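S.K.: Chain order of the listed sequences is A and B.
Be aware that the first sequence starts at 1, since it is given in our numbering, and climbs by one per residue.
Be aware that the second sequence starts at 1, since it is given in our numbering, and climbs by one per residue.
Simulated from the structure, these hints should not be mistaken for laboratory data.
Please read all numbers here as calculations on a predicted model, not as lab measurements.
There's no promise every hint is true.
[As the list claims (entries may be wrong)] Computed beta-carbon distance windows for the label pairs:
| no. | chain 1 | residue 1 | chain 2 | residue 2 | range |
| --- | --- | --- | --- | --- | --- |
| 1 | B | 9 | A | 307 | 30 to 40 Å |
| 2 | A | 480 | B | 147 | 25 to 35 Å |
| 3 | B | 138 | A | 323 | 54 to 64 Å |
| 4 | B | 147 | A | 154 | 27 to 37 Å |
In this text, a Cβ means the ideal position worked out from N, Cα and C, and glycines have one as well.
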Amino acid sequence: MVVIFGANGDLTKRKLLPALYRLAYERRLSPGFAVLGISRTPMTDDQFREKMSSSVEQFLEDSPFDKEVWTGFARSLFYMAGDVSDPQTFSKLAARVREIDAERHTGGNVLFYLSTQPSQYGEAAKGIGDAGLATGQGWRRIVIEKPFGHNLASARELSEKLHQVFRESEVYRIDHYLGKETVQNILAFRFGNGIFEPLWNRRYVNSVQITGAESIGVEGRGAYYQEAGALRDMIQNHLLQIMATTAMEPSATFQPDAVRDERAKLLRTIRIMKPSEVLENSVPGQYGPARIGGADVPGFRQEPGVGPESQTETYAAATFFVDNWRWAGVPFFVRTGKRLPKRVTEIAIQFNAAPYAVFGEHGDETTPNLLILRIQPEEGISLRFLSKRPGAGMKLRPVSMDFNYGSSFGERSPTAYETLLLDAMIGDATLYTRQDMVEASWAVVEPILNVWHEHKFDFPNYASGTWGPKESDDMLARHGHTWRRP
Amino acid sequence: MSTTIQPQTILHELAELWVTLGKESAPDQGSGVLRACAMTLVTVLEESEDTSDVWSVMAALMPEHPSRAIVIRFRPSAERALSSRVFSQCWMPFGQRRQICCEQIEITASDASLPDLPAVILPLAVADLPVVLWCRGARVFGLEGFPQLASIAGKVVLDSAVMGGAAETLGRLDGRTRAGRIIADLSWTRMTRWRQMVAQIFENRSYLARLSEVQQVRIGFGGNAPSASAYYLGAWLLDCLEGAGAKASVKWDPAEKVVEGQLVRLEMNAAESDGLRVSIAVSGEPGRQCAEVRVNALANRTVFAPDNDYSLLRQELSIPGRDPVFEKSLTRAVRLAHGE
């Protein structure tokens with residue numbers, strides 16, 4: 001049984017229920033499967049089912065809505081009204097869980113999914129524990145969404161609250177980036193192909209660029225975003241996890257903890273910046289107003305809920321170094337931002353140029369090989385290399401060779417939430433973030449946040465629709481690099 | 001026409017296009033779809049122009065220069081208006097079983113929307129690969145916002161033959177080249193065959209040894225004033241002759257009953273009457289022309305195949321970076337156009 005706290009929220013409507021429906025459509029759910037939604041809004045089971053029906057139909061990605069499948073699936077949906085801050089909610093919840101268990105024969109397995117305000121995580125976990133729901137006949141697990149704290153201390157505090165009720169092995173911290181097909185494919189690509197792994201080190205790799213770009217602005221989330229900022233919202237979790245997956249050592253087995261151990265180890269080897277190094281190696285930015293595609297778009301400070309003097313960064317870039325044998329001296333340039341030219345998340349591995357310019361007079365030999373792992377929107381892999389132009393003479397030019405998941409396999413990839421929900425149900429935590437990983441990434445990010453907090457930046461410093469502030473280009477130039485154009 | 005377009009929507013439509021093509025291929029055979037791409041080719045033209053000609057050029061270029069093709073059609077209007085469509089063009093090469101497809105984006109914009117276009121084109125450019133902009137018309141080239149649009153491209157291809165006064169146009173191109181921009185002029189590209197014929201003459205070592213005798217170059221052209229092509233040819237020849245130790249000057253010969261701007265004759269003469277005399281004369285109906293190459297008393301004739309947009313662009317796309325010979329000739333051509 002999946003118990004969703006915050007069942008009337010956007011995440012449930014847009015992601016969780018469509019993913020669960022799709023798993024039902026593919027017959028991946030057991031017959032006794034059930035969903036119990038909880039939120040403050042009073043609703044009957046039937047009203048909840050009706051509401052979820054229209055949400056699933058609207059937000060289902062690349063998949064047909066089958067009324068017959070839905071009818072069967074809807075019978076497994078239940079609802080109860082309740083407030084997380086009210087202890088009565090949990091005693092009612094315990095009774096309802098027993099009732100559904102008796103009706104559906106769920107086997108006593110319960111997955112609690114907290115799709116609520118992060119400030120309620122501790123309270124919800126305590127309520128679950130106090131009601132005796134954290135233990136039972138089957139397994140009990142809890143899934144929480146980011147942010148996992150707003151700094152290292154609060155991340156530890158949250159963990160302590162969760163650990164009072166659940167063991168770490170029962171806590172599933174979800175990072176939907178890790179559920180994407182291409183992120184998983186990084187492992188397949190690196191460790192399933194003999195030709196790339198020997199090149200995956202400082203000897204052949206010149207630098208790595210990780211870009212997580214959004215073309216949209218804060219879209220009504222100004223109040224939330226003003227408290228978070230790009231570094232917390234994207235780099236601390238998604239992009240550092242991607243970096244860890246890209247750079248980690250091969251694990252001895254593909255067991256969840258073996259893979260997570262390697263990822264955590266990598267995060268711990270990222271060099272922590274000293275305060276004096278922060279402004280040299282990181283750049284905050286904030287978008288200003290512009291015209292894009294013929295439409296006027298507001299700057300961040302003009303967004304609803306954002307202060308006119310806000311110092312929150314909507315763009316963040318940083319240069320990281322990994323202090324281990326494999327990556328010593330190789331810069332990892334990580335950037336994220338809102339209102340950039342396009343929505344794209346990519347990892348670009350730039351290899352060293354050929355050692356000798358044998359075709360120096362005939363082509364642009366300064367163009368190094370690039371391997372691009374595209375995570376969204378088009379999941380795939382591209383390789384850029386130099387090729388002889390057809391015809392007389394030895395003229396070289398760069399060519400990009402693309403592998404695209406959608407067009408190559410001709411079949412739909414599961415959404416990240418389908419993958420991750422199913423993994424949580426079967427107890428595979430490989431793609432979930434562990435507490436030591438959360439702490440390691442906060443340890444990397446916190447010194448940057450502290451220095452930025454002490455400075456007053458001249459925002460806005462980039463126009464919407466451009467690739468970020470000039471200072472970011474300057475940061476790479478200091479290392480002898482330029483940002484690529486994704 | 002709408003007033004806004006979303007680059008993200010266009011990118012999504014492109015992605016859908018490839019998924020569809022992938023499904024139409026034979027996934028059961030594991031072939032899938034492999035895309036090859038060498039650049040983004042942006043073509044700018046007037047809305048009144050027939051786009052089928054342009055798309056035919058794109059299709060012909062694709063096998064050798066696979067690219068994402070973006071065609072922007074401009075309408076003279078002070079009202080902001082933008083619209084777009086996405087499609088693919090596929091063809092089956094003779095004797096092969098596999099289709100070749102390229103993705104195409106057509107954007108229609110009013111002049112007033114020109115400042116909005118850089119933010120549209122930037123996200124549509126293929127990652128990490130060069131962007132080449134081909135500007136087909138003088139009017140758009142002269143619009144105030146054009147430099148911002150052109151700044152997205154690593155190389156801008158245009159044709160000074162359609163840009164108006166040669167001296168002024170060459171001066172503008174030279175200015176942009178000196179500012180670091182990479183420019184290609186199809187009027188220069190048209191001179192490739194003339195330059196090849198001249199070079200072939202001097203592959204003969206006995207003629208090459210006498211190259212320094214040349215003191216006068218005569219270029220015959222249609223119309224009243226030399227075209228940009230004539231200036232380019234004159235500039236290139238003078239530079240080459242100087243390199244060989246000759247001090248020569250150019251004389252311009254307007255020819256009657258010849259299409260304006262077209263080159264018909266080139267002479268390279270020594271001062272002495274028994275010295276080296278080289279001439280190349282092009283004659284015949286358009287499309288069926290031949291060139292007579294004469295060195296002193298020895299003459300031979302060769303086919304002078306017509307240039308077209310495809311052959312010219314094909315040459316230019318083969319030069320991804322700077323073309324030092326062109327840039328040197330451009331600078332000299334500006335001096336010639338100002339009476340050197």
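S.K.: For each hint, tell me whether it holds in the structure or not.
M.R.: Consistency of the hints with the structure:
Distance hint for residue 9 of chain B and residue 307 of chain A: a CB-CB separation of about 32 Å, consistent with the stated range 30 to 40 Å. Distance hint check for residue 480 of chain A and residue 147 of chain B: the Cβ-Cβ separation is about 29 Å, which falls inside the suggested range of 25 to 35 Å. Hint check: residue 138 of chain B to residue 323 of chain A, Cβ distance near 59 Å, so the stated range 54 to 64 Å holds. Between residue 147 of chain B and residue 154 of chain A the Cβ separation comes to about 50 Å, which falls outside the hinted range of 27 to 37 Å.
Taken one by one, the earlier hints fail for this structure only at number 4.
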